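S.K.: One-letter residues, chain by chain:
There are 2 protein chains.
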Amino acid sequence: MSQAATDSPVLKAIFDRRSVRHFIEAPVEKELLMEALKAASWAPSGLNNQPWRFGVIRDPELKARLGGLTRYTNVLKSASVLVAFFLDRDSSYDYVKDCQAIGASIENFLLAVHAQDLGAVWIGEILKNKDEVQRILELPERLDLMAIVAVGHPAHRSQSSHRRPVEELILFDR
Amino acid sequence: MSQAATDSPVLKAIFDRRSVRHFIEAPVEKELLMEALKAASWAPSGLNNQPWRFGVIRDPELKARLGGLTRYTNVLKSASVLVAFFLDRDSSYDYVKDCQAIGASIENFLLAVHAQDLGAVWIGEILKNKDEVQRILELPERLDLMAIVAVGHPAHRSQSSHRRPVEELILFDR
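Here the protein sequences come in this chain order: P and F. Numbering-wise, the first sequence is residues 2 to 175 according to the working numbering. Numbering-wise, the second sequence is residues 2 to 175 according to the working numbering.
Everything labelled a hint here was simulated from the structure, so no lab data went into it. All values derive from a computational prediction rather than experimental measurement. Be careful, since some hints might not be right.
Identical chains blur together in the list; that is why a pair holds if it fits in one copy or across any two.
Keeping only pairs whose Cα atoms sit at most 25 Å apart, straight-line, the calculated SDA-like set for lysine to any residue is [to be verified]:
#1 Lys31 with Arg164
#2 Lys129 with Met35
#3 Lys129 with Arg175
#4 Lys78 with Ile137
#5 Lys31 with Ile137
#6 Lys131 with Phe173
#7 Lys131 with Asp95
#8 Lys78 with Pro28
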């Protein structure tokens with residue numbers, strides 16, 4: 002009845018995806034980006050409230066200004082495109098659940114990027130300057146910046162990563 | 002260079018996954034559950050802090066007691082297994098980012114479940130009784146309940162779902 006895990010391209014993508022911080026100069030094709038954003042929009046959310054909103058940034062000057070607000074300056078400048086993820090407060094009903102839903106949305110986006118042979122990195126560190134981002138992008142108060150994801154064609158995919166063994170994370174089995 | 006989106010099993014899984022609330026009586030195989038939990042553990046998190054912890058519940062009496070704390074009583078009782086997702090406050094560094102990371106972890110779990118021909122539903126509504134869940138499971142204060150996911154072999158997979166067109170969610174493209 003069930004497919005062997007090792008045969009599953011979905012599990013393989015989940016285990017193989019890595020943060021990509023070095024990109025070649027090639028632009029990200031519009032249709033690939035749209036497919037990844039569509040994947041982001043198909044995350045689950047409480048009451049299906051779909052609280053996520055997206056901003057797409059390709060303008061080099063704007064990327065450089067945002068890059069100045071994070072220690073990952075060169076990642077933001079060298080990525081072909083930045084996607085800003087927002088929580089729309091007008092669609093919010095529970096802040097914790099909405100943040101979780103947006104995390105699910107970002108993960109869908111990252112997996113879709115990976116599945117299309119692109120690379121991306123989730124940058125949360127820029128939230129320390131979220132008011133400044135808001136100002137630069139001239140955004141209304143109702144939009145709450147949740148993350149910026151930098152996307153491009155990867156220069157390489159070699160890096161390793163690590164996770165704690167899952168057995169250590171299971172607190173009980175009753 | 003890039004794979005056509007329609008050929009991607011990863012995108013297909015993201016678009017085809019549905020909340021499953023009706024299950025047949027067959028137990029969920031341990032190795033499939035472990036693979037889905039491993040997928041959950043491979044989510045990205047800020048500083049790779051991996052704040053997620055998992056509790057596995059198969060005991061019928063315990064499922065029934067938890068079922069009494071949500072309007073989805075029968076879903077919890079009829080699922081072969083419940084997985085409680087917790088934020089470990091001892092691993093937390095930023096509550097918003099940790100909630101997002103756990104959302105990403107739950108989405109990985111749901112996709113892995115789907116990829117293995119199982120079904121699941123993310124139940125956030127039980128958080129209204131989170132103190133009571135904590136008491137029933139006799140859990141320490143440092144564990145913050147984030148969601149319960151009910152898992153089983155689906156009775157059917159027919160239901161439709163809907164999302165807003167992605168074009169409506171893109172606030173700007175610069």
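S.K.: Among the hints numbered above, which are violated by the structure, and what are their numbers in rising order?
M.R.: Those not satisfied come down to hint 2.
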